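Trainee: Going by the numbering used here, the first residue of the sequence shown is number 5, and it counts up by one from there.
Note that these hints are calculated values from the structure, not bench results.
All values derive from a computational prediction rather than experimental measurement.
Cβ coordinates follow ideal geometry from the N, Cα and C atoms, glycine included.
One or more hints might be untrue.
Have a look at the derived ranges for each label pair, beta carbon to beta carbon [claimed, not checked]:
no., residue 1, residue 2, range
1, Gly41, Pro209, 17 to 25 Å
2, Ser206, Ser144, 13 to 21 Å
3, Arg109, Leu16, 43 to 51 Å
4, Ser144, Thr214, 18 to 26 Å
5, Ser144, Val19, 27 to 35 Å
6, Arg109, Asp146, 34 to 42 Å
7, Pro85, Glu208, 16 to 24 Å
8, Val186, Arg113, 21 to 29 Å
9, Pro211, Ser190, 26 to 34 Å
10, Thr43, Pro174, 20 to 28 Å
11, Val19, Arg109, 37 to 45 Å
12, Gly77, Gly44, 53 to 61 Å
13, Thr43, Pro147, 43 to 51 Å
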Amino acid sequence: MGHLDHAALGWLTPVLSYAMACTGAALGLRCTVRALGATGSARRNWLLTAASAVGTGIWTMHFVAMLGFAVSGTGIRYDVPLTLVSLLVAMAFVCAGVFAVGHGRDRVRALLLGGLTTGLGIAGMYYLGMAAVRLHGEVSYDPVLVGLSVLIAVVAATAALWAALNIRSPVAVTLASLIMGVAVSSMHYTGMFAVSVRVTPSGEPLPGATAMQFIFPLAVGLGSYLFITSAFVALSPTAGEREASASAQRPAGHPAH
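Start from the sequences and build out the full structure, keeping to the hints where you can.
Mentor: Now the structure itself:
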């Protein structure tokens, strides 16, 4: 069996991946809050931004953490198309879950459906990402830990959507985002502890791209998207602020119709 190192670069990858998870969660929560206060196309656009933020944050968290993954006795490469599919799966399922909550009439049913859909999407992204790993050997999983990781993903997703429905203040959103970062990171590392590798030494070159050739540039790009979008959301006025501004600009004695 090959020895697995989940933090080959020290604390850098766990800390940075946690920061990505928190940023994605915070942005997703803020956008969902904005969506619930909007109507029509504005609600749709906020929900799409929320879904892209959460999906991007979770995917980036996973693959930043994978930069620190190493197995003794073999190199590691990544199948590029399958890795990109894992990103699309994360965004599609998170989008479905967020829209279920954003447009559902029955909040309890919408929350349960959205949490299940989003959680399964997170787990699917993780295991598709692991399926994209190429190494000299055979990868196997502990089914109990796999099941636990999926359960954590569903519970974490449901809690995040509940927070989006019930939390409004920036301080509460920040606290919820820090907790969500812990939950998503726990899901990742639970899944990683489920992994075992039987190494088969070989001189054959591995197919695919190295983490630094592919994962690192893509993670940097998506991380930049998260931070730029966060700045945009932070600077854009809320519905209440727009209404207050409009009220202040109306001449005295001219009430709104």
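Trainee: All hints are to be evaluated individually against the structure, with a verdict given for each.
Mentor: Results of checking the hints against the structure:
no.	hint	result
1	Gly41 with Pro209: 17 to 25 Å	violated, 54 Å
2	Ser206 with Ser144: 13 to 21 Å	holds, 18 Å
3	Arg109 with Leu16: 43 to 51 Å	holds, 46 Å
4	Ser144 with Thr214: 18 to 26 Å	holds, 23 Å
5	Ser144 with Val19: 27 to 35 Å	holds, 29 Å
6	Arg109 with Asp146: 34 to 42 Å	holds, 41 Å
7	Pro85 with Glu208: 16 to 24 Å	holds, 21 Å
8	Val186 with Arg113: 21 to 29 Å	holds, 27 Å
9	Pro211 with Ser190: 26 to 34 Å	holds, 32 Å
10	Thr43 with Pro174: 20 to 28 Å	holds, 23 Å
11	Val19 with Arg109: 37 to 45 Å	holds, 41 Å
12	Gly77 with Gly44: 53 to 61 Å	holds, 57 Å
13	Thr43 with Pro147: 43 to 51 Å	holds, 46 Å
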